[in-house]
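**Student:** One-letter residues, chain by chain:
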Amino acid sequence: MADSHAAPALGPAALRVFDLGLGQMLWSRRTVFMALVAGGPVLIAVLLRALASLPVFDGGAGQIAGRPVSLDGPDIFGLMIWTFYLRFTVPVLGVFYGTALIADEVEDRTVTYLFTRPVARGAVLAGKYLAYLVCTAVVVLPSVMLVYFLVVPLLGGDIGRNFPALLVDLGLIGAGLAVYGAVFGLVGAWFRRPLLTGLVFVFGWEPLVVVLPGYMKYLSVAYYLQGLAPHAMPQGDALSVIQALLTSVQTPLGTWANLLALAVIWAAALAAAMRVVERREYVLGQ
Amino acid sequence: MTMTTRTRYVLLGGAGVMAVGLAGGLVAWVSSRLPPLVAQERPDELRYVPPEATILSFANVREVMDSNLRRRLREIQPELDGQREFQERTGIDLERDIDYIVGGLVPDGPDDTRGIAILAGSFDADRLETLALEQGGAASDYRGRRLITIPDESVAMAFLEAGVIAIGSEPLIKRTIDLPFAEGGVDSNDSLMGLLRHVERGSTAWTIGRLDDPRGGGWLPDEVEAQVSQVAAFAAGARVNGGVSGTLTAEARDEETGRNLRDLLQGFLALARLQVGSRPELRGLLDSIQLTAAGTNVTLTFDLPSDAVLELLPDRSDADVAAAP
Amino acid sequence: MSRPVVVADRMSKWYGQVIGLNEVTVSIPPGISGLLGPNGAGKSTLLKLVTGQLKPSKGHVQVLGEPVWGNPGAYRRIGYCPDHDAFYERFTGREWLTALLGLSGFEGERAAGAAERALETVGLTTAADRKIGGYSKGMRQRIKLAQAIAHEPELLVLDEPLAGLDPIGRRRVIDVIKAWGRDGRSVVVSSHVLHEIELMTSNILLLHNGRILAEGNVHRIRELIDEHPHTVRITAEDPRRLARHLLGYPHVIAMQLQDGAVVAQTSQPDAFYAELTALAAGDEAGAVREVTSPDDNLQAVFSYLVEH
Chain Z
425 MADSHAAPAL GPAALRVFDL GLGQMLWSRR TVFMALVAGG PVLIAVLLRA
475 LASLPVFDGG AGQIAGRPVS LDGPDIFGLM IWTFYLRFTV PVLGVFYGTA
525 LIADEVEDRT VTYLFTRPVA RGAVLAGKYL AYLVCTAVVV LPSVMLVYFL
575 VVPLLGGDIG RNFPALLVDL GLIGAGLAVY GAVFGLVGAW FRRPLLTGLV
625 FVFGWEPLVV VLPGYMKYLS VAYYLQGLAP HAMPQGDALS VIQALLTSVQ
675 TPLGTWANLL ALAVIWAAAL AAAMRVVERR EYVLGQ
Chain B
16 MTMTTRTRYV LLGGAGVMAV GLAGGLVAWV SSRLPPLVAQ ERPDELRYVP
66 PEATILSFAN VREVMDSNLR RRLREIQPEL DGQREFQERT GIDLERDIDY
116 IVGGLVPDGP DDTRGIAILA GSFDADRLET LALEQGGAAS DYRGRRLITI
166 PDESVAMAFL EAGVIAIGSE PLIKRTIDLP FAEGGVDSND SLMGLLRHVE
216 RGSTAWTIGR LDDPRGGGWL PDEVEAQVSQ VAAFAAGARV NGGVSGTLTA
266 EARDEETGRN LRDLLQGFLA LARLQVGSRP ELRGLLDSIQ LTAAGTNVTL
316 TFDLPSDAVL ELLPDRSDAD VAAAP
Chain W
71 MSRPVVVADR MSKWYGQVIG LNEVTVSIPP GISGLLGPNG AGKSTLLKLV
121 TGQLKPSKGH VQVLGEPVWG NPGAYRRIGY CPDHDAFYER FTGREWLTAL
171 LGLSGFEGER AAGAAERALE TVGLTTAADR KIGGYSKGMR QRIKLAQAIA
221 HEPELLVLDE PLAGLDPIGR RRVIDVIKAW GRDGRSVVVS SHVLHEIELM
271 TSNILLLHNG RILAEGNVHR IRELIDEHPH TVRITAEDPR RLARHLLGYP
321 HVIAMQLQDG AVVAQTSQPD AFYAELTALA AGDEAGAVRE VTSPDDNLQA
371 VFSYLVEH
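Same order as they appear, the protein sequences are chains Z, B and W. So this note's numbering is basically just the index in the first sequence, starting at one, shifted up by 424. So this note's numbering is basically just the index in the second sequence, starting at one, shifted up by 15. So this note's numbering is basically just the index in the third sequence, starting at one, shifted up by 70.
Be a bit skeptical, because a hint or two may be false.
Pulled a few chain Z residues facing chain B out of the computed Cβ check, cut under 7 Å [to be verified]:
{"no.": "1", "residue": "Leu565"}
{"no.": "2", "residue": "Pro566"}
{"no.": "3", "residue": "Ile583"}
{"no.": "4", "residue": "Gly584"}
{"no.": "5", "residue": "Gly678"}
A few chain B residues that don't get close to chain Z, going by computed Cβ distances all over 12 Å [claimed, not checked]:
{"no.": "6", "residue": "Ile70"}
{"no.": "7", "residue": "Ala74"}
{"no.": "8", "residue": "Arg86"}
{"no.": "9", "residue": "Gly106"}
{"no.": "10", "residue": "Leu120"}
{"no.": "11", "residue": "Phe138"}
{"no.": "12", "residue": "Gln150"}
{"no.": "13", "residue": "Ala153"}
{"no.": "14", "residue": "Leu187"}
{"no.": "15", "residue": "Arg190"}
{"no.": "16", "residue": "Asp202"}
{"no.": "17", "residue": "Ala247"}
Worth flagging that the hints you see were computed from the coordinates, not collected in a lab. All residues carry an ideal CB built from backbone N, CA and C; glycine is no exception.
Based on the sequences and whatever the hints tell you, model everything.
**Tutor:** The following block contains the structure:
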């Protein structure tokens with residue numbers, strides 16, 4: 425007979441679900457997609473390195489074919505972090521994995537084995553969420569690291585001097601994965617069409633409200649991430665000109681305020697998602 | 016743990032890439048930090064600048080004069096503005112006599128500052144003294160050093176050692192002569208010298224300054240002082256050879272001020288880029304400027320090849336004509 | 071009298087506008103109980119309510135003396151074997167059992183020992199380190215049963231555990247269930263085949279259209295069912311050879327070959343299944359892979375019961 429009738433505490437229970445869910449998640453169909461998303465920037469970085477070995481780049485730092493260029497390796501890396509990772513990879517993985525934390529188990533009808541065990545349903549979500557974090561971090565962060573070492577030395581960039589910025593970028597991407605995962609974990613637990621809802625949020629709502637004046641931007645994750653990554657913002661294009669003009673008349677939030685906002689979103693979304701899963705009935709199709 | 020071997024390999028692989036990357040980056044970062052702290056070219060003459068200096072500058076004149084940029088400039092403009100007049104008054108040939116200059120701004124009372132310049136090079140001391148005396152100066156000895164004062168212009172000059180002269184106000188020059196015997200020079204001012212970490216090693220010229228020093232006010236016009244009141248410190252460095260490249264780092268008083276400063280500069284650059292059509296000669300400069308910010312620091316970097324520098328010269332066309340045979 | 075393991079009081083379950091269970095009041099005693107009903111009768115709904123997967127729309131249910139919805143502590147005492155064929159295909163049988171035992175609070179060697187015992191009970195020791203994705207239908211049914219019994223619960227809830235098993239596997243699973251009952255523990259097992267249920271217990275609940283029609287030792291039901299021919303579908307290595315053998319049995323009243331399977335009608339299911347098991351154990355008719363009994367076997371009987 426089993427030892428006691430009490431369900432284990434949330435933490436140990438979540439770790440057990442994590443143990444079960446990590447391998448399942450890492451080798452799921454989505455892994456191919458994640459490999460493409462995280463491998464794309466690495467491929468581009470390799471191509472850039474190959475281009476940099478061409479004779480036109482022999483002019484030295486800040487020059488291509490003897491002409492001055494306004495970009496160097498760290499700038500390209502910053503641009504890639506912002507464009508590929510923070511604005512694409514992180515939210516997209518958040519959408520695809522976060523919305524599927526419970527939905528995948530329901531669709532595969534394996535949720536039965538989790539929900540008939542002596543662990544709180546909230547712990548099931550927390551464990552799956554933890555598995556998502558490890559699963560995505562173990563693929564995305566090394567991808568960032570490879571891109572850093574491939575791209576930063578280009579056009580006279582210095583790996584050492586930019587290392588603190590890399591740490592900030594890694595922290596930001598980790599925070600982004602955590603917050604987007606929690607938000608879309610809630611969307612997945614709550615909405616009937618979570619994937620569509622998530623994609624609309626990432627590619628419709630966020631890009632729009634972030635550049636609009638007003639307070640709508642506070643209802644996004646990208647705004648706070650952007651506030652923590654000013655170095656990674658692209659400059660020189662029309663969008664950055666508009667953004668510069670708009671932000672110059674608005675007081676941006678401080679680092680701690682941005683971190684606090686992200687922490688609040690993360691905690692609130694995760695707690696709400698756990699609560700929804702605790703209370704919701706999952707009727708499996710025959 | 017029920018993790019499969021394959022899953023374990025993936026985790027170990029990811030962790031391995033991260034560990035190697037972080038360790039490599041850390042080593043590179045420490046290496047990049049060490050040189051500015053111990054080996055940014057600090058001329059020995061810093062010991063002659065009073066430790067309370069709030070602004071400190073260095074220029075490797077020899078390197079500038081020998082640079083490709085100067086060579087190209089010389090083709091257009093054989094003499095710098097005021098170069099001949101300076102030589103007539105001081106007897107110093109900027110092109111040949113000076114190796115480098117160290118300058119400092121030193122607080123003198125609550126609202127005033129005084130400047131001092133230490134010149135290192137090859138000087139004909141007798142000729143310089145004769146010239147000074149011809150212009151109404153008076154020569155004397157102070158602590159075994161030759162001191163020449165020109166009362167009408169409140170300027171004094173002292174021969175500190177072979178090939179090193181100091182120019183500034185008489186009290187400051189005397190203080191300078193006293194320093195090696197007293198508390199030591201500005202190189203013991205860690206707060207100021209620490210700003211050299213923002214200056215790229217091997218810069219041809221650099222300047223650093225603390226604006227948050229309560230003793231250091233008064234040297235800027237009031238309107239400029241109001242604009243930079245939120246800047247605690249700055250450091251700028253430039254490397255001159257084929258062109259000019261450099262960085263300017265401003266250390267804001269706090270992160271919010273840093274962001275405001277960044278936004279201000281970003282907005283300014285954005286507007287300048289929009290208006291570059293009417294000033295095409297600025298395009299090279301604007302294109303080369305990069306603005307970055309981290310914490311309280313805002314950094315502007317630029318990189319101009321010699322063509323772009325020459326474009327910026329206001330009277331280039333006239334000079335071209337004048338230089339034509 | 072012993073305390074009932076499941077007590078439902080006017081319990082209903084609605085799926086939107088569709089009723090799954092209608093005002094069910096039932097008290098299931100300890101021991102083995104069979105839940106018999108055609109497809110859509112509400113068997114799975116009742117078992118999901120009993121295992122805390124669904125919340126009653128109305129009424130109450132208590133299992134082993136405590137409510138089950140939102141009470142995960144109670145799940146330690148219950149083992150559930152679902153009817154659907156869903157697994158973590160990339161896990162081996164042993165990995166899967168060990169991981170699920172971890173969720174039930176078993177760790178390290180205790181989990182490994184419990185997994186080994188369960189594998190042995192269902193006869194999967196030799197296949198324990200193969201991936202579940204490569205298991206046959208019968209092996210999948212048995213590993214599903216293993217996860218239900220591994221943590222040695224007080225109450226075993228089995229939803230159609232014999233579906234798709236070959237005769238040998240069917241025999242083994244029935245033996246496991248009967249042994250469980252002999253050990254003084256309780257089992258609620260559902261099926262749409264009376265013959266299967268009867269092999270395990272005589273305590274039967276008849277469920278139809280979301281209502282309990284009858285419960286207890288229902289001889290009359292048995293008689294009624296025997297009046298209706300019973301259809302069995304058999305997937306075999308050599309269907310024609312198997313069909314030739316089956317045609318020799320006097321109680322086989324019709325037979326046809328359908329998509330590589332033998333579909334036989336018999337007037338005496340007990341005798342038919344016994345002889346089929348013997349045939350499968352021997353070699354003369356080739357290997358028998360899967361035996362299923364279509365739901366419509368019971369439909370006519372239940373229609374009769376509802377009318378009377």
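**Student:** Each of the hints needs a verdict: does it hold here or not?
**Tutor:** Status of the hints after comparison with the structure:
Evaluation of the leucine 565 of chain Z hint against chain B yields a held restraint, the C-beta minimum of about 6 Å falling below 7 Å. Using the Cβ-Cβ criterion of 7 Å, the hint placing proline 566 of chain Z at the interface with chain B is satisfied: the shortest such distance is roughly 4 Å. Hint status for isoleucine 583 of chain Z relative to chain B: holds, with the closest Cβ pair at about 5 Å, below 7 Å. Hint on glycine 584 of chain Z holds. Least Cβ distance to chain B is approximately 3 Å, under the 7 Å limit.
Taking 7 Å as the C-beta contact cut-off toward chain B, the hint placing glycine 678 of chain Z at the interface holds, the least distance being around 5 Å. At roughly 25 Å, the least C-beta separation between isoleucine 70 of chain B and chain Z is larger than 12 Å, which holds for a residue marked as non-interface. No Cβ of chain Z comes within 12 Å of the Cβ of alanine 74 of chain B; the nearest lies about 22 Å off, and the non-interface call holds. Arginine 86 of chain B, annotated as away from the interface, keeps every beta carbon of chain Z farther than 12 Å; the closest lies near 18 Å.
With 12 Å as the threshold on Cβ separation, the claim that glycine 106 of chain B sits away from chain Z holds: the shortest Cβ distance comes to roughly 40 Å. The beta carbon of leucine 120 of chain B is kept farther than 12 Å from every beta carbon of chain Z, the shortest such distance being approximately 29 Å. Annotated as non-interface, phenylalanine 138 of chain B keeps its C-beta farther than 12 Å from every C-beta of chain Z; the closest such distance is 36 Å. No beta-carbon of chain Z is positioned within 12 Å of the beta-carbon of glutamine 150 of chain B; the least distance is around 45 Å.
No beta-carbon of chain Z is positioned within 12 Å of the beta-carbon of alanine 153 of chain B; the least distance is around 51 Å. Non-interface call for leucine 187 of chain B relative to chain Z: holds, since the shortest CB-CB distance, roughly 37 Å, exceeds 12 Å. For arginine 190 of chain B, the shortest C-beta to C-beta distance to chain Z comes to about 37 Å, beyond the 12 Å cut-off, and the non-interface label holds. A cut-off of 12 Å between C-beta atoms confirms that aspartate 202 of chain B is not in contact with chain Z; the least separation is 24 Å.
Every beta carbon of chain Z lies more than 12 Å from that of alanine 247 of chain B, the smallest distance being close to 17 Å; the non-interface claim holds.
Checked against the numbered hints above, the structure violates none of them.
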